[in-house]
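Student: Residue strings, one per chain:
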Amino acid sequence: MTTNAWIMLGITWSVVIFFTAKFFLKVMKTPIRPDDDES
Amino acid sequence: MRREARHTMTSRESWGSRVGLVLAMAGNAVGLGNFLRFPAQAAQNGGGAFLIPYLVSFVLMGLPLLWVEWAIGRHGGQYGHHSAPGLLDVLGKQKWLKYVGVFGLFTNMTIAAYYTYLESWTLAYVFHSITGTFTTTDATAFFPAYVGANSASIFTVPYEALFWFLITAALNVWILSRGLVKGIEMMAKIGMPVLLLFAAALAIRGLTLGPDDPGVIQSPLAGLNFVWEPKVGGLLNPGTWLAAAGQIFFTLSVGMGSIHCYASYLKAKQDVALNGASAGWMNEFVEVVLGSSVIIPIATAYLGIAAVQAATAGGSGFSLGFMTLPTLFNNWGVLAPVAGAIWFGLLFFAGITSSMAMGQPLMAFVEDEYKMSRAKASLLFGAAVLLLGFVCVWLYPGGAFDEFDFWTGTFALVVFALLEAFIFTRIFGMEKGWEEITRGADMKVPRIFRFIIMYITPAFITVIFVGAMIQPEGTWSGAISGLFQGDGWPFSPASVIGKVLHVGEEYVWFKDGQPTKALVQDGVRTLLLLVFLGFGLLVRTAWKRKEAQV
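So the protein lines, in turn, are chains U and Z. Going by this note's numbering, 1402 is the number at position 17 of the first sequence; the sequence numbering is gapless. Going by this note's numbering, 241 is the number at position 240 of the second sequence; the sequence numbering is gapless.
Keep in mind that the hints were calculated from the coordinates and are not lab data. None of the hints are false.
Here are the simulated DSS-like cross-link-like pairs (lysine-lysine), alpha carbons at most 27 Å apart as the crow flies:
{"#": "1", "chain 1": "U", "residue 1": "Lys1411", "chain 2": "Z", "residue 2": "Lys445"}
{"#": "2", "chain 1": "Z", "residue 1": "Lys268", "chain 2": "Z", "residue 2": "Lys94"}
{"#": "3", "chain 1": "U", "residue 1": "Lys1407", "chain 2": "Z", "residue 2": "Lys268"}
{"#": "4", "chain 1": "U", "residue 1": "Lys1414", "chain 2": "Z", "residue 2": "Lys445"}
{"#": "5", "chain 1": "Z", "residue 1": "Lys545", "chain 2": "Z", "residue 2": "Lys96"}
{"#": "6", "chain 1": "Z", "residue 1": "Lys268", "chain 2": "Z", "residue 2": "Lys183"}
{"#": "7", "chain 1": "Z", "residue 1": "Lys372", "chain 2": "Z", "residue 2": "Lys183"}
{"#": "8", "chain 1": "Z", "residue 1": "Lys547", "chain 2": "Z", "residue 2": "Lys94"}
{"#": "9", "chain 1": "Z", "residue 1": "Lys433", "chain 2": "U", "residue 2": "Lys1411"}
{"#": "10", "chain 1": "Z", "residue 1": "Lys94", "chain 2": "Z", "residue 2": "Lys545"}
{"#": "11", "chain 1": "Z", "residue 1": "Lys96", "chain 2": "Z", "residue 2": "Lys268"}
{"#": "12", "chain 1": "Z", "residue 1": "Lys96", "chain 2": "Z", "residue 2": "Lys372"}
{"#": "13", "chain 1": "Z", "residue 1": "Lys433", "chain 2": "Z", "residue 2": "Lys270"}
{"#": "14", "chain 1": "U", "residue 1": "Lys1411", "chain 2": "Z", "residue 2": "Lys268"}
{"#": "15", "chain 1": "Z", "residue 1": "Lys190", "chain 2": "U", "residue 2": "Lys1407"}
{"#": "16", "chain 1": "U", "residue 1": "Lys1414", "chain 2": "Z", "residue 2": "Lys183"}
{"#": "17", "chain 1": "U", "residue 1": "Lys1411", "chain 2": "Z", "residue 2": "Lys190"}
{"#": "18", "chain 1": "Z", "residue 1": "Lys433", "chain 2": "Z", "residue 2": "Lys445"}
{"#": "19", "chain 1": "Z", "residue 1": "Lys190", "chain 2": "U", "residue 2": "Lys1414"}
{"#": "20", "chain 1": "Z", "residue 1": "Lys372", "chain 2": "Z", "residue 2": "Lys268"}
{"#": "21", "chain 1": "U", "residue 1": "Lys1414", "chain 2": "Z", "residue 2": "Lys270"}
{"#": "22", "chain 1": "Z", "residue 1": "Lys268", "chain 2": "U", "residue 2": "Lys1414"}
{"#": "23", "chain 1": "U", "residue 1": "Lys1411", "chain 2": "Z", "residue 2": "Lys270"}
{"#": "24", "chain 1": "Z", "residue 1": "Lys183", "chain 2": "U", "residue 2": "Lys1411"}
{"#": "25", "chain 1": "U", "residue 1": "Lys1407", "chain 2": "Z", "residue 2": "Lys270"}
{"#": "26", "chain 1": "Z", "residue 1": "Lys445", "chain 2": "U", "residue 2": "Lys1407"}
{"#": "27", "chain 1": "Z", "residue 1": "Lys547", "chain 2": "Z", "residue 2": "Lys372"}
Using the sequences plus the hints, can you model the full thing?
Tutor: Here you go:
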């Protein structure tokens, strides 16, 4: 692996893993919003 | 009364859990292309440099389109609709809107037909990996025999392939008949984690192959380098940008009507912004992180980089995945059957979570608009898949599968996405559209996306559409300079116009008394057109009936 390839891989994987984890963790932590129409 | 009253929430199905919904949506997007097409596309289009236009396309076109489709789905769901004709119909007063939704039925039906066949190959390969077929039979020779491509006639029925196709179709029907929570959501909750585990196991084993392992001739990192080495010149090539935008478009399963359908089971104030972003990024994780780390590194370790470059030259990793990898796993000794089963098992789970998403909108259509029971709807869907899928099984050597893939799995998606982007922003209106995307949002959607959805995303899809229509043979720059020199435009046989005009083919239906591929191509195109018109008629009849009831 060349340095450029490692840099590209590192940056891209970091971005993708960061956003995937950030959003999925938030999905798991946030409860489903109750719907007003149901009440 | 044209518009139905908003449905009471208790009268319809809804998702059992938020995680289940996101996994089902991600499972819909994650398909065989994540593991077979993406790494080959990246390697052939600038390597690491491909990822720049790829991620730009994701942010400017992929994410916005996901939000648009989630919003259309949740909005229409409040009116009791769960399939594209009804979901689009309630976006405006124009009567033709529901007919645009025909695309959302047509694509799901026809893609499900050939995709179920593709999915059945992975199931058959799991079986053959476990039983050790590939230890005695070369997988390169196995595949053509399996699909009947060795037959002298282009009309042939490969019985084993038909058997696995029937099993796979039945499995899909059974899961779909169990309903949203017990069927689709349960399958996604099992399938997605298993898929991630299988992919991670293969990636770790593949990337740690060393010179002491039997059969290894090169470091697998050379394969990883092939995918990730940034060839900056590629950024200046319009073809690279088009390929990246195309990959983003097709990997996210947008333009199908399946995302709309899943989102239509949400309640009025439940989030679409965070759910959509999460499902989209999860697909990117599977594609960019796992997809790039399995097939090319493993193949490079055993075949060398030159062979892998040749095998992926067309931008597809299909031949590596189905014809090369099964044999390479033989180097893993006692682990060979397990490795094969894991590889094809992961492709199977990637496939089935997608094909289920294709079935649900069709079943929802007949349930909503024709008041059919779920059991009957699932059987009807199964029968239609068998009927259309059989054409792909029977006429695979004649090119029927490729015809389905191009017209329904490629062209129709772009057309539908282009139309829905304009309908959402121009007919429904950006004001209401933005309110729909952000209502109940559990994340702050940056306001810049309002501008992006209004102008940039439609422009992106238009570029993909025009690119697909007129894609030239050779490079874009060469074609443009040739045009200015008066040489005309060299349509690629892979372009839409090239396909219509049968560019590069001898256009005869019979040769030496035998039917040709051109006959199969024209026959399949006629069939697909009839299916489209048939869905149009079903939509018209359903709305006429509703009008008569009011």
